Structures are given as structure tokens and as C-alpha cells.
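J.: Read off the chains here:
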Amino acid sequence: MTDLIIETQDLRKRFGKFDAVNGLSLAVPAGSIYGFVGPNGAGKTTTMRMLTTLTRPTAGEAWVAGHSVLKEPRAVRRAIGYMPDEFGVYDDMRVWEYLDFFAACYDIPENNRKRLIDDLLELVDLTHRRDDMVDKLSRGMKQRLSLARTLAHDPSVLILDEPASGLDPRARVEIRELLVELAKMGKTIFFSSHILADVSEICTHIGIIEAGQMVAQGSMQEMRSQLMPHREILVTVRDADTAEKALSLVAGLPGVVNVQRLDPRGGRSRLRIDYTGDDEGVAAINQKLAAENIAVLGFTEETKDLEAMFMRVTKGVVT
Amino acid sequence: MIEEAAPLIEMPEEALTPREHRLERGAAVLRWGAIANTALSVLVMLLALAGGLRLIPDLFPTLHAALLARVAAPDDAAIAGVILLTQVNISLLLVLMVGILAREVWALVGVWLLALVNLAAVAVFGFTPALLTVVFAVWSGIVITRDTGAFRLNPVMLKELRGRMRGVRAFFVLTVYLALMSSFTALLYLVYIPVNRATGSAAAGEVGRVLFMGIVGIELVLIIFIAPAFTAGAITGERERQTYDLLRTTLLPSPSFVLGKLESALSYVLLLLLAAIPLQSIAFLFGGVTEGELVLSFVVLTVTAITLGTVGIYFSAITPRTLTASVRSYSATLIGAFVAPIVASIVLSVVRTALGLSSPIIEAALVYVNDFLVSLNPIATALTTQELLINRQVVGFWTDTLASNGSTIPRVSPWITFTIIYLVVSAVLVVLSIRRTRKVEG
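Going down the list, the protein sequences come from chains A and B.
Using our numbering, the first residue of the first sequence is number 767, and each one after it goes up by one.
Using our numbering, the first residue of the second sequence is number -8, and each one after it goes up by one.
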């Protein structure tokens, strides 16, 4: 197996009587883009605050880059770049001063800082705003500046809490591209989101949390096959009779788990075939229908998106 | 891709780098120095008590000869001096300890300076307990001077000053402040001249003194209001702006954070004080004011600013909101420096009348308690110090005669006790604030 760069064991956090995180076991492989998904209030931020040494866990253990969050917090801080969901921005600073300040906080010698700042600004495409005041930047730019800040000490893991929330579509795409770029530079990216589209497009791994517990986690392929054991083929035909004929024909084929009549749409009848075979099998079903002279108007395989997975595993329990 | 990323996991194994280890060690040496000095001063106090109660005969001259041989003062004054000087060393050691942890350049210089000054004190005054401080300061100095690169400009201070001094605001505030002070001075002068003519005593020295006292008084009041206001929002402001968590996930040491905030606030207050010195100097045109008064007034003003600034920082560290922190800082200042001493001195005068002047021991005790109460309040301290300076030409120690039996007791000008008490309070509050900001929320 690949090395895990973030690992938690039975992590718990209790606020009074409320279990914010309840026995979470997380496994983030090095070099992955890990999407940490869950409804609001599921415990995403609390988990991240424990991983970034800001909150002490009630029980359990967590390791980041091989260092215990409880025993070696400074080593953990050296290894991570953290971006909270509320980006803290000083309003009375220039863009370069902001980065200079955080670079100094990370103990980077003054002689190296100027080059570093130029490089970081170039990376997040803010070179032209170098001397502007931070509070004059747009929300998307501030978010990119925050991301640059987390990179100042060249950490191996980025822990980003809702990096794309509250951004307009263009800024969201820009952040997404930046994350992919950073992953190419060898950084592990662990980010939370409740916007599933963001996650499905760039993630290599995903973990779904609900009510403080991990509901499912793994690589995207694993998750697909685990949560959706069969493919779904949607067949559209002209009328109910044809649909009935098709149903009886397909039902007996090998690999077909279930065939179901769906509600007609636009006056056309529809069938859903749950199928476990490979691509040849799918093509064979299509040929079989044609050979039996069944007039097929549409034959499509439904790609199961994250949304479906998500709805399937979560129960909507948010305490 | 994952294989390529693997070497990045190889992070430094230890939580502390060798540099951090070295700094911790240097600071620990100073902490031991402070503890040793505390033990020493407690020992001297106990011995003085034993000597004062005549439990051991001829103890005072022996102690004087051993601890402060080259100062020709009464034995009891010399012993009081030893205790006070030890307190100064303790607070300086504590401040330098925090400075080293915060990687301040002044701490690096300060350690050697402390060793030198103490060495000089041994040579000039025969202040032998200073050898203790010399040993610890040199030891710590040797440890930290091996890595001078660890010391740097405080990033938090730099950031704060960049923000504070930017644009016209800072200079506008300074201008308004000076304009107000100047018009106040002019007003004082215009009011005082007719009064002076009417009474017929046209002593120019008195005009000078009134102006000087007026300016220092108003500066003192201003500092009492400004210093906590500058610092009460220092840490709560970071919390409110959501930047506190960001800073805590960086490698910025807590001492750097707290000291940086304090330094930036105090440097602005210091700027205000320095800007008003030319105004104070107008008093020299009239005479009646000595350089000693100017220096002592500056000391009292600066110490007040430092301590009240630290009070603000402390409440800022333990309170979630700026408003609450401000209210608490002002309340603590008001109670600690004004209400408590005033109430206590009222109680004291009641006690004095009730007991009469029968026993010299009780009278001496009452005098010392009263001196202590005066030293708690900057305004009372300034007034008493000036009164001593003018009427008795006393800067430091002096000998007072008791009314009950005519024996003499040593007394200290309140600015000395004030400075020591306030600096010790500041050092303790800074240490407590650092401890609070280090704490991880549970």
C-alpha cells in the first residue's frame, strides 16, 4: 500500500454533551487529492482543527506526516499548510507584506523572502497586485492569496477547509486548477467541501463523513465499485408494449440483475437495467434488442456521479 | 506520482530544531538565575528580620560589609538597597528570558549588558550578590551567542508598526496630541501669570515648576488611558479577525507574538512621550526644574506605560472580545492603582489615629506600608518623588526620624519601589499571557 500522510485512529471530540467527531478513522495517502465531504455540521471543521493542532482531541490519536498531533505539534505545524474556512486577512497590509509576515512567522530568512514572495505570487497569479492593499482584493483573489500563504514554508500537506465556498464560478474553477497544479508538485491536498461537483472533478480519493463518523472512504474507483456494484443502463422505447417486450427479452440475459419499468417521460416508455458485466456485455444487450426488432429510441449508460453515491450513503442525519 | 511525493514526508524528526533547543537552554539558565536571586533575597530578608529583632547581634554591619561593602550608607539602608537591587535583577532576568524565547535582538545584547552592569556593581559598590547574576548571564550569553542568526526583528512588531504608521493617521494623531499639549501649556502659563502677579511672588522658578508638573501630570493621565487601549485589542483583535488560528498554526513562538504586540504598542506610546519632551523643556526657560526631575518623570511615565500596556495584553490574552478586554484592563488598573491604595491609606490613617504614636515599631511599620501604597499609584509616586527631590534633595535613599522615640529609619524615594513593583508585575503578566496563548483549546 501507499504511505499514509494523514492517519487518525478512533478520533473523538466532545463539546459538552455533543459528539462533534465520534470515532473517526481517516486514511489519506501521500500525494492524493482527498475530498472530505459531508453535510454542514458533520464534523469536518472540527476534524481539521484537530489535525492542525488547534484543538485537542477528547480521545484517539492522529498523525500528520508521521508526527503525532498530540505529542509533536510543532513538527506537525512544520509539515502542514492550513487554510481555515474564514480566511483571516489583515486589512492594513499590502499583498507582499502579508506574505512576508507569514514567511517570517515560518522562520524563513529575510534574504530568501523576496524571491519566495515573487514565486508564490506568480504561482497564484497575483503578481500584478503585489503592492495593493489586501482588503482591495476580490474574494477569489483573497482566497488565492491565502493559498499562497499556506505554501510559504513548502509544506508537504495542505489542509484546506472549504476552499471554494462563497466563490463565483470562475474563481472556483481557478482554485480547482490551482489545487491540481499543487498536487502535481507533489503536495498532498486534504480539503473539505459540501459542493460535490468540486470534489468529483479533481479528487483521487474521497471520504464521506456524517454525524462525526466516516461513512465511506477510498479512492474514487473503489468508492464507485463499492457503493455502486452494478451499472445502470437506461433504454427508451416508443410505447408500453415495446417496453414489455424488451423487458421480457432482457430479463433472462446473463449479468442482468434487475430490470425495471420507469415512469414514462414525454410519452415514451423507459426501462432501467441493472447490469454487472463489462462493455462487451452492454453492447451485446443493445445488439440483442436490435436483432429482435425492438425499436430503441435511446440506449445510454448512466454515469453514477458523486451526488448519487452521497445520497446513498448518507442518511441526512445531522444532529 | 505517489512514489515521487514520498521523499516530501521526510520531515525533521524532532519537534525542536537544534536552534530552538539552544534558545530554550539559554532561557532556562536565566530562569535558574531568577530563582537563585529570589532565594537570595528571601534569605537576606529573613536575616534582616533576625537582625532587626536583635536575634543575632551585630548582624547588620556584617551583612553590610559582606553584601554592599563600598557604599557608605547606614547599615539598614544598605540592606534595603541589597534587597531592592536583587529584585531589579530578578525582573531583568525574567524579561531577558522571555526575550530570548522570542528571539529578540535586544535580549542577545541585554544578557551581556546585564553581566557587565552587575560586574560593575560588584567593582563599584561591592554589591557581591551581583556575582550570582553575572554567572547566570554569562552562562546564558555563551549558550545563545553561538547562534546569533537565531535573533531577528520581531515579525509581529514589524507587521503592527507597518499597519500603524501607514498613511496620515499616525501623524495626524501625533499632531493633534502635540497641539493639545501645547495649548494646555499655554493655558497654564496664562492662568498662572495673573495669579502670580496678584500674590506678588514673581519667582520665575515657580512658573517653570508649575508648567512642568502640569505637562507631566497630563501626560500621565493620557498614558493611563492610552496604554491599555492600545494593547487590550492586540490579541482579541486577531481572534475577531479570524487570524489568530492562522498564527497559531505557524511556527511563530508565543513569546514572539506577545512581545511583538507589546513592543509595537509601547513604541508608539514612547514616540508620544519623546515628542512631548521639548514641551517639558520649556520649563527650563523659567528655571526651577532640574535635569533629575526630567529624567525621573520620564522613568515614571515609561514604567507606567509598560505596565499598563502589559495589563492590556494580559486581559487581551484571556478574554475573547476586545470590548470586554478593555473594560477589564481599565477596571484592573483603576482598582489596583487607585481604588485599593486610596481605600487602604484611609484605613491606615484610621489605624494610626487609633493606635497613637506609642510604639516605634508600629510607627515604622505604618510608614513603610504608606510608602508601599504610594508606590502603587503613578500619580502619587510622581508627586512624592518630586516633593522629596525639591524639599530634601533626595533622589534615592534617605533617613527619616520617628516621632515616637526619635530613632532613625531608612526610607526610599517612591519612584524606586514603584519602578520595581510595576516591572515585576509586568514581567509576571507577560509570562502569564504567553502561557495563555500557548494553551491548546480543550
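Honestly, the hints are just simulated from the structure, not real lab data.
Take these hints with a grain of salt, some might be off.
[To be verified] Calculated pairs, DSSO-like style, for lysine-lysine (alpha carbon to alpha carbon, straight line, at most 30 angstroms):
#, chain 1, residue 1, chain 2, residue 2
1, A, LYS837, A, LYS783
2, A, LYS902, B, LYS430
3, A, LYS950, A, LYS908
4, A, LYS837, B, LYS430
5, A, LYS902, A, LYS880
6, A, LYS880, A, LYS908
[Unchecked claim] Pair by pair, the computed Cβ-Cβ distance ranges are:
#, chain 1, residue 1, chain 2, residue 2, range
7, A, SER931, B, LEU314, 48 to 58 angstroms
8, A, ARG780, B, TYR359, 49 to 59 angstroms
9, B, PHE163, A, GLN775, 49 to 59 angstroms
10, B, VAL338, A, GLU827, 24 to 34 angstroms
11, A, ARG780, B, ARG426, 18 to 28 angstroms
12, A, ALA825, B, ARG429, 16 to 26 angstroms
13, A, ARG896, B, ALA114, 51 to 61 angstroms
14, B, TRP23, A, GLU827, 50 to 60 angstroms
15, B, LEU357, A, ARG780, 19 to 29 angstroms
16, B, LEU339, A, ALA825, 53 to 63 angstroms
17, A, ASP885, B, ARG427, 50 to 60 angstroms
18, B, GLY327, A, GLU943, 50 to 60 angstroms
19, B, ALA177, A, ASP885, 34 to 44 angstroms
[Claimed, not checked] Okay, the calculated bits of chain A under chain B, using three or more residues with CB under 8 angstroms as the criterion:
#, segment
20, 860 to 873
21, 901 to 909
If you're wondering where the values come from, they're calculated on a predicted model, not measured in any experiment.
We put the beta carbon where it would ideally sit given N, CA and C, even for glycine.
J.: All hints are to be evaluated individually against the structure, with a verdict given for each.
T.: Okay, the hints, checked on the actual structure:
1. A:LYS837 <-> A:LYS783: 26 angstroms, holds
2. A:LYS902 <-> B:LYS430: 34 angstroms, violated
3. A:LYS950 <-> A:LYS908: 23 angstroms, holds
4. A:LYS837 <-> B:LYS430: Holds. LYS837 of chain A to LYS430 of chain B sits at ~14 angstroms (cutoff 30 angstroms).
5. A:LYS902 <-> A:LYS880: 22 angstroms, holds
6. A:LYS880 <-> A:LYS908: 20 angstroms, holds
7. A:SER931 <-> B:LEU314: 48 to 58 angstroms: Hint violated: Cβ distance 29 angstroms, outside 48 to 58 angstroms.
8. A:ARG780 <-> B:TYR359: 49 to 59 angstroms: 54 angstroms, holds
9. B:PHE163 <-> A:GLN775: 49 to 59 angstroms: 57 angstroms, holds
10. B:VAL338 <-> A:GLU827: 24 to 34 angstroms: The hinted range 24 to 34 angstroms is violated for VAL338 of chain B and GLU827 of chain A, with Cβ atoms some 57 angstroms apart.
11. A:ARG780 <-> B:ARG426: 18 to 28 angstroms: 25 angstroms, holds
12. A:ALA825 <-> B:ARG429: 16 to 26 angstroms: Holds, since ALA825 of chain A and ARG429 of chain B (Cβ atoms, about 23 angstroms apart) stay within the stated range.
13. A:ARG896 <-> B:ALA114: 51 to 61 angstroms: 56 angstroms, holds
14. B:TRP23 <-> A:GLU827: 50 to 60 angstroms: 35 angstroms, violated
15. B:LEU357 <-> A:ARG780: 19 to 29 angstroms: 56 angstroms, violated
16. B:LEU339 <-> A:ALA825: 53 to 63 angstroms: The hinted range 53 to 63 angstroms holds for LEU339 of chain B and ALA825 of chain A, with Cβ atoms some 56 angstroms apart.
17. A:ASP885 <-> B:ARG427: 50 to 60 angstroms: 36 angstroms, violated
18. B:GLY327 <-> A:GLU943: 50 to 60 angstroms: Between GLY327 of chain B and GLU943 of chain A, where Cβ atoms are some 57 angstroms apart, the hint holds.
19. B:ALA177 <-> A:ASP885: 34 to 44 angstroms: Roughly 57 angstroms apart at Cβ, these two residues miss the hinted range, so it is violated.
20. 860 to 873: holds (count 7)
21. 901 to 909: Violated: only 0 residues of the segment 901 to 909 of chain A have a Cβ under 8 angstroms from chain B.
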